[in-house]
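Participant: Here is how the chains run, residue by residue.
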Amino acid sequence: DAGVTQSPTHLIKTRGQHVTLRCSPISGHKSVSWYQQVLGQGPQFIFQYYEKEERGRGNFPDRFSARQFPNYSSELNVNALLLGDSALYLCASSLFSNQPQHFGDGTRLSIL
Amino acid sequence: GQQLNQSPQSMFIQEGEDVSMNCTSSSIFNTWLWYKQDPGEGPVLLIALYKAGELTSNGRLTAQFGITRKDSFLNISASIPSDVGIYFCAGQLTSSGSARQLTFGSGTQLTVLP
Numbered sequence: 005d006a007g008v009t010q011s012p013t014h015l016i017k018t019r020g021q022h023v024t025l026r027c028s029p030i031s032g033h034k035s036v037s038w039y040q041q042v043l044g045q046g047p048q049f050i051f052q053y054y055e056k057e058e059r060g061r062g063n064f065p066d067r068f069s070a071r072q073f074p075n076y077s078s079e080l081n082v083n084a085l086l087l088g089d090s091a092l093y094l095c096a097s098s099l100f101s102n103q104p105q106h107f108g109d110g111t112r113l114s115i116l
Numbered sequence: 125g126q127q128l129n130q131s132p133q134s135m136f137i138q139e140g141e142d143v144s145m146n147c148t149s150s151s152i153f154n155t156w157l158w159y160k161q162d163p164g165e166g167p168v169l170l171i172a173l174y175k176a177g178e179l180t181s182n183g184r185l186t187a188q189f190g191i192t193r194k195d196s197f198l199n200i201s202a203s204i205p206s207d208v209g210i211y212f213c214a215g216q217l218t219s220s221g222s223a224r225q226l227t228f229g230s231g232t233q234l235t236v237l238p
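Listed in order, the protein sequences are those of chains Y and F. For what it's worth, the working numbering labels the leading residue of the first sequence as 5, then goes sequentially. For what it's worth, the working numbering labels the leading residue of the second sequence as 125, then goes sequentially.
One thing to keep in mind: the hints can contain errors.
Said to hold, decoys possible - Quick list of simulated restraints, FRET-style, between CB atoms:
1) Ser151/F - Pro65/Y: 19 to 25 Å
2) Glu139/F - Glu79/Y: 42 to 48 Å
3) Gly32/Y - Pro238/F: 39 to 45 Å
4) Leu169/F - Gly60/Y: 17 to 23 Å
5) Asn129/F - Asn81/Y: 30 to 36 Å
6) Ser181/F - Gly44/Y: 25 to 31 Å
7) Arg184/F - Asn63/Y: 32 to 38 Å
8) His14/Y - Ser134/F: 22 to 28 Å
9) Leu237/F - Gly20/Y: 43 to 49 Å
10) Asn75/Y - Gly164/F: 25 to 31 Å
11) Gly20/Y - Asn182/F: 42 to 48 Å
What the hints assert, rightly or not - Taking lysine-lysine and the DSSO-like style, the derived pairs with C-alpha atoms no more than 30 Å apart in a straight line are:
12) Lys175/F - Lys34/Y
13) Lys194/F - Lys34/Y
14) Lys194/F - Lys175/F
15) Lys17/Y - Lys56/Y
Claimed, not checked - Not the full set, but computed from the structure, chain F residues with beta-carbon under 8 Å of chain Y:
16) Gln127
17) Leu157
18) Glu165
19) Gly166
20) Leu169
21) Ala172
22) Phe197
23) Leu226
24) Ser230
25) Gly231
Calculated from the structure, these hints are not laboratory results. Every value quoted in this text rests on a predicted model; they were computed, and no experiment measured them. Idealized CB from N, CA, C, for every residue including glycine.
Full structure from sequences and hints, please.
Facilitator: Pasting the structure below:
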């Protein structure tokens, strides 16, 4: 069975650009969460979606936005990229929002 | 953002030894989880704990949910080379009305020496 899949695996952008990251959850999972992981730290929560509705938002600026589609896949958008946005962006899915979350391998975003 | 207090930060052990790591929080969680992350990959779920005092095993791994609901520990017995990686604890509130996000520790880097 396919796990959580994320695309692209790597991305290089320059300051001020915007980026869209994509996530396909495990089949049957209805909840998707996004995390940012900077080098040497644990993942930090950005968003959680369940049944296409935002269920939670972490302490990130409005430049970060996300949505979930009817097939439960999700996109994370980041506008006006800053150097500090360089990180591994992880997507996690769970059957319901209160079930254990399973992670994809992430998108490595580098800002030049 | 908030991170849980996880210790030790790194460990160097001999193959075959047992290892223990723990995680504490100033806040209560009603679910504790332990993940392992290898280079270039996402975290992989090892053990999930749902009840204060619960002790759960997964092969050579054993984890406990602290009675106060503010801490958890993970033990690995008879370590092998493939145990190398970064281990993360994570707490989760699963009560209705909460966002149910995971709050992670800063990780324990485990190195197993032959």
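Participant: Please go over all the hints and tell whether each is borne out by the structure.
Facilitator: Status of the hints after comparison with the structure:
no., hint, verdict
1, Ser151/F - Pro65/Y: 19 to 25 Å, "holds (24 Å)"
2, Glu139/F - Glu79/Y: 42 to 48 Å, "holds (44 Å)"
3, Gly32/Y - Pro238/F: 39 to 45 Å, "holds (41 Å)"
4, Leu169/F - Gly60/Y: 17 to 23 Å, "holds (20 Å)"
5, Asn129/F - Asn81/Y: 30 to 36 Å, "holds (33 Å)"
6, Ser181/F - Gly44/Y: 25 to 31 Å, "holds (30 Å)"
7, Arg184/F - Asn63/Y: 32 to 38 Å, "holds (37 Å)"
8, His14/Y - Ser134/F: 22 to 28 Å, "holds (27 Å)"
9, Leu237/F - Gly20/Y: 43 to 49 Å, "holds (46 Å)"
10, Asn75/Y - Gly164/F: 25 to 31 Å, "holds (27 Å)"
11, Gly20/Y - Asn182/F: 42 to 48 Å, "holds (46 Å)"
12, Lys175/F - Lys34/Y, "holds (24 Å)"
13, Lys194/F - Lys34/Y, "holds (29 Å)"
14, Lys194/F - Lys175/F, "holds (12 Å)"
15, Lys17/Y - Lys56/Y, "holds (28 Å)"
16, Gln127, "holds (6 Å)"
17, Leu157, "holds (6 Å)"
18, Glu165, "holds (5 Å)"
19, Gly166, "holds (4 Å)"
20, Leu169, "holds (6 Å)"
21, Ala172, "holds (5 Å)"
22, Phe197, "violated (17 Å)"
23, Leu226, "holds (6 Å)"
24, Ser230, "holds (5 Å)"
25, Gly231, "holds (6 Å)"
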